[in-house]
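Asker: With the hints as constraints, model all of the structure from the sequences given.
Chains as they are written, first to last, in the numbering used here: chain E, 1 to 851; chain C, 1001 to 1189.
Calculated from the structure, these hints are not laboratory results. All the given hints hold, so there is nothing to weed out.
Keeping only pairs whose Cα atoms sit at most 25 Å apart, straight-line, the calculated BS3-like set for lysine-lysine is:
hint: 1; chain 1: E; residue 1: 7; chain 2: C; residue 2: 1165
hint: 2; chain 1: E; residue 1: 756; chain 2: E; residue 2: 767
hint: 3; chain 1: E; residue 1: 7; chain 2: C; residue 2: 1135
hint: 4; chain 1: C; residue 1: 1037; chain 2: E; residue 2: 78
hint: 5; chain 1: C; residue 1: 1135; chain 2: E; residue 2: 46
hint: 6; chain 1: E; residue 1: 836; chain 2: E; residue 2: 823
hint: 7; chain 1: C; residue 1: 1037; chain 2: E; residue 2: 87
hint: 8; chain 1: E; residue 1: 7; chain 2: E; residue 2: 46
hint: 9; chain 1: C; residue 1: 1172; chain 2: E; residue 2: 7
hint: 10; chain 1: E; residue 1: 790; chain 2: E; residue 2: 756
hint: 11; chain 1: E; residue 1: 767; chain 2: E; residue 2: 546
hint: 12; chain 1: E; residue 1: 823; chain 2: E; residue 2: 749
hint: 13; chain 1: E; residue 1: 46; chain 2: C; residue 2: 1172
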Amino acid sequence: MKNFSDKLKATFNHLLTLDPESRTKYLSDLNKSEPELENEIRTLLKAYESTEDFLELPSIAADTLHEEEIQNNSFIGKSIGPFKIIKEAGSGGMGIVYTGQRDDKEFEQQVAIKILRNGLTTEYLVKRFQKERQTLANLQHPNIAKLFDGGTTDDDLPYLIMEFIDGIPITEYCDEHNLNIKQRLKLFQSVCDAVQYAHQNLVVHRDIKPGNILVNKEGRPKLLDFGVAKLIDEESDLTKTRMWHLTPEYASPEQIKGENISTRSDIYSLGVLLYQLLSGYQPYLIKTASPFAISKIITEEKIKMPSEIHLNNEDSIDFEVKERSKKVSQQLKGDLDNIVLKAMHKDQTKRYISVQGFNNDIIRYLKGLPVAARKDTIAYRLSKFVKRHKVGVALFIISNIIIFSSIAAIIYQGKIAAEERDKTKIENKKFEKVNSFLQQMLSSVDPSEIGRDVKVYDILEKAANDVETELSDQPEIEASIRSTLGNTYVNLGEYDKGKSFLDKALSINENTFGMESEQTAQSLHDMGLYYDWVGDYKAADSLYDKSIKIFRKLLKQPTKSFAEVLNDHALIKMYYSDYDEAEKLFTEAIKIALSLYSEKNRNTAVFMNNLALNYLDAGNLDEAEKYFKKSLSTIIELLGENRPEVGSAYNNLAYLYMTKNELKLAEEYLHKSYQLKVNLKGKDHSDVGLALNNLGVINIRINNYVKAEKYLSEAIGQYKKSLALDHPYIALSQYWLGKVFLETNRLDKAEDLLRKSLETRIKKLPKDNKDIWRSKTELGICLFKNRKHKESETILVPTLEYYKTNFSEDNEQIKRLYDYTIKLYKTTGNSRKAEKYADQLAAFSQEKNIK
Amino acid sequence: MNHDISHNVTLLLNQVSNGNELALDSILPLVYNELRKISSKYLRDEYRHHTLQTTELVHEAYIKLIGSNSLSWESRAHFYGIAARSMRQILVDYARKRKSQKRGSGLTNITLDKAAQNFINIDENILDLNDALEKLEGIEERSSKIVELRFFSGLSIDETAEILKVSPATIKRDWNFAKAWLYREISQN
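Answerer: Below is the structure:
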């Protein structure tokens, strides 16, 4: 056919160029060879002659048109199903919308009937109509225009019978009714409900804009026009259907770019809608037609915050707020700004994951709760918290101060106790974090004003619950809150609770930021602190180690967090008697602290204190004294004298002087420390325990056993209130009290306590820790005195050997062991052994020059 | 709203140029509606006795829809093609409705009488032409397109040549052929 027509055309045209004579000849020749063609040509040529004016400049008589238009459309008056078409309600792009009334007098029902335009029956558009029908048929929601029926007319025009909505676009409605921000938000939430519902039914609307959201007379918004909607799992999602959005102002960047469109595109459009509802402006003013420019604007241009744009409203679209502008801006600033921005984030993955999440944030905003969208800080969350509980804040403040101080005290403990020292946990990090956590809650309250009420658990419980129920899309925040809560609980002795928060925080950080990230390093530190607190130093050690390794790897500049974990690790090293390593770590921590702040900073003071302790343990008393004094003066200068940290510093100095055997000075400082603690926290407080412990010990030294017993018993009592029963602190005091009983011949009591102490120490400490062996020594002696010779032997002898091998410089203790071993063997009648050991002792004494 | 439409149509047209044919279908209703709107403007009483040139309508639609935006020639081509198609459809619609309402409308004069200021009566003429054009479309696509562009959009030979990117001579030849063919077709019925 094609060839024929080509030939036909060509021949025809050729003939037109010929004069009539040649033409006739050509035709007669052609008649012989191709009669069919000749016939065609001939008739065409004939027709052509009459076409001079044919098809030239057509015009239409206006009156003819007029008549047509009056009739408008032949549909009016016609029936479709049980409905009669009344009048035209409007015309959309694809079809005309009529109002229809139910015909059969069964009941009153007004509907909207949308019929595809007669001239637009292209395959594609018909399909679109059908698609809309299918989509709507499945959606039943109070805020989505209902579909009742669909079909095709006699002229094969597809139609839809829908819920009639007598309303106006949502933006207009808000303006006409002068709705305030809250009311607008509520209205918006209904729209969110509708969209969420659609999403749940796997439908993405793709064309959300004010024109498609009508609010009826009852004030109910209805979502319309699912004409471009798409089923989420449709295959064609994979093919690039670059459907240009008809209203680029509402189109998401991915729609503009023709990328994959998902429910998040709807969220974007909802964000734009919200922007407009709140501020009265559209976020983008697109004044260009160039697709390139539009694309650039939508995908790259940063929009002004709704609160900002309000401030310069010379040409407001809808809102008549020249006067109210400032006030509105104030309301929008902060949370609402951030909610809108989050919904409109150019990066899909950074938007709300679901409309539900979007809606939830609005709910939170309306309730005065922290929103997920806000770039979060703990301060922000807590300021919200304080705002919400304006009435009860005073109480909270008081109780917070208690905790604040107690935590400060607990973590800034001086290292005390006689020869046996216990490891001071200068867990600065905890302090800092909890410090800021609480401090912000307290705003400007001076923590040294205290009361006795402890209601902080209520606050914590609330906060803990909040984390559970308000799981936000921001893992950073969640992890951070969980960490803080975890640390706080641990500080207060709620170890299990604390650990569970810390566990979760660690796993969130690992998953969100990776195994080798700062956040994970921080969490590892936190976990380490937990173990530190419960006395599992082995676990703490390895966790700190891991944390430090990560920090070293990641950090270009040393940070406060890094210094803190160095400090904590150093403390462990110190506990393990690795003084050199500890010194290195402390020194590094101090260096960092000095570079970050200056000499007069709490952290610096703390690290110095610890370094001093290290020197003390290592036997370098002069350096120790130097740093203790430095630390103390720093604290007093920074914070004043009535501070728990000062009390701890006193403790440390007391201990130093004890070691130097300047007992009077020692007791002086101990008492100062104890007094301070009592002043600050009241007698019943747990960290008074260490002070008591030390007072007990020092009294043993000066042989005041009565006082010693009193203090030590009190100490244990205190500890048991807040520490785990198998905490090394308790073991320490049990050891000392046991010793008191031993000295005062209350052997059963002594045995009981010493056993307990040893048990704990074996459980919690590394095998080569001196405390274990000290406990063993005393227990062995006690057993001997209590006539439990067999058992005594099993303990004393190996202990002696161990001391000789590992603590060979501890002459006094070794001698003591020898003495009792010999006594033991003498008493049990094992003279041979008694002699053996006597000889050894002699040799030992000579070697060491003791008598 | 005006502002919106002109962007949209331009965008869509450019899309079409970029190969997105679905955009065509989105443009169609826009153009169609616009043309109808424009047409109906002339239905007020004062215009009753005026005649409308379809070219004027299309031109007006162009301004409304494209405004001062610049279009590539491709886009312009698409526009006119679409406008022509729309215009044709509108006229056919009118004719059909009118036909269904009037019985025995009788006017069969197809030839245009210049003296009568180029009136055509819209009833069977247009419908016949429409049918014939459809037939031609099946045989000789370019020719029928040229007729559409020239007759419904009112483009000149040169303009049509530019739109279809062929030489004016080619346009002329096709035009001649089409006219002959259509005339023959119509008169045979």
